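Per the working numbering, the very first residue in the sequence shown carries number 945; after that it's consecutive.
Please keep in mind that the hints were generated in silico from the structure rather than gathered at the bench.
Nothing here was measured: the structure is a model prediction, and the numbers come from that model.
You may find that some hints are simply not true.
Stated by the list, open to error - 35 Å max Cα-Cα, derived DSBU-like pairs, lysine-lysine:
| id | residue 1 | residue 2 |
| --- | --- | --- |
| 1 | Lys994 | Lys1052 |
| 2 | Lys1042 | Lys1016 |
| 3 | Lys1044 | Lys976 |
| 4 | Lys1039 | Lys1069 |
| 5 | Lys994 | Lys1037 |
| 6 | Lys1049 | Lys1035 |
| 7 | Lys1042 | Lys1023 |
| 8 | Lys1008 | Lys1023 |
| 9 | Lys976 | Lys1037 |
| 10 | Lys1061 | Lys1044 |
| 11 | Lys1052 | Lys1071 |
| 12 | Lys1035 | Lys977 |
| 13 | Lys977 | Lys1008 |
| 14 | Lys1019 | Lys977 |
| 15 | Lys1037 | Lys977 |
| 16 | Lys1008 | Lys1039 |
| 17 | Lys1039 | Lys1071 |
| 18 | Lys1037 | Lys1049 |
| 19 | Lys982 | Lys1045 |
| 20 | Lys1023 | Lys982 |
What the hints assert, rightly or not - Distance windows between CB atoms, simulated:
| id | residue 1 | residue 2 | range |
| --- | --- | --- | --- |
| 21 | Lys1035 | Arg991 | 43 to 51 Å |
| 22 | Ser998 | Lys1035 | 46 to 54 Å |
| 23 | Asp1041 | Asn968 | 44 to 52 Å |
Don't be surprised by glycine CBs; every beta carbon is placed ideally from N, CA and C.
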Amino acid sequence: MKMFRLLFIFLLGGAFVFAGAICNHKRTLLNKKLEFAKEIQNAQMEREIKIALSSVEHFCSDEKVLQDLQDKISKVESKIAENQEDIEEAKAKGKIDKVKKESFKVSKLQAELEELKVELAEYEKLK
């Protein structure tokens, strides 16, 4: 029984050694946020970060992180294309307010897309 416990602890501890660079990076960032939450004595933030940290420690894989990020990029690109179509339709109908509204949405989405692409590039450097 003692041997089983030692083996289990060794294997569990070893899981962190084999974690990819991206997951290690995420874990490091979360640990920094956790320290900050403790410093400012924000118990709610601390609980939320601990949950996120646990999730990263148990379920994170570099491939999944990259795939999720690429999926988000694809969704945002689709939304941009959709909104640009709405802009063209609104222009054709002379709906100036809708053109402004959709143009604003596109601007926000383009900023989000840029952030996602930067994040993806940073993670790909870690691989």
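Structure-based check of each hint:
no., hint, verdict
1, Lys994 with Lys1052, "30 Å, holds"
2, Lys1042 with Lys1016, "26 Å, holds"
3, Lys1044 with Lys976, "40 Å, violated"
4, Lys1039 with Lys1069, "45 Å, violated"
5, Lys994 with Lys1037, "52 Å, violated"
6, Lys1049 with Lys1035, "15 Å, holds"
7, Lys1042 with Lys1023, "16 Å, holds"
8, Lys1008 with Lys1023, "22 Å, holds"
9, Lys976 with Lys1037, "52 Å, violated"
10, Lys1061 with Lys1044, "26 Å, holds"
11, Lys1052 with Lys1071, "29 Å, holds"
12, Lys1035 with Lys977, "46 Å, violated"
13, Lys977 with Lys1008, "22 Å, holds"
14, Lys1019 with Lys977, "28 Å, holds"
15, Lys1037 with Lys977, "49 Å, violated"
16, Lys1008 with Lys1039, "42 Å, violated"
17, Lys1039 with Lys1071, "48 Å, violated"
18, Lys1037 with Lys1049, "19 Å, holds"
19, Lys982 with Lys1045, "41 Å, violated"
20, Lys1023 with Lys982, "38 Å, violated"
21, Lys1035 with Arg991: 43 to 51 Å, "49 Å, holds"
22, Ser998 with Lys1035: 46 to 54 Å, "49 Å, holds"
23, Asp1041 with Asn968: 44 to 52 Å, "48 Å, holds"
Going down the numbered hints, you'll see the structure goes against 3, 4, 5, 9, 12, 15, 16, 17, 19 and 20, while the others check out.
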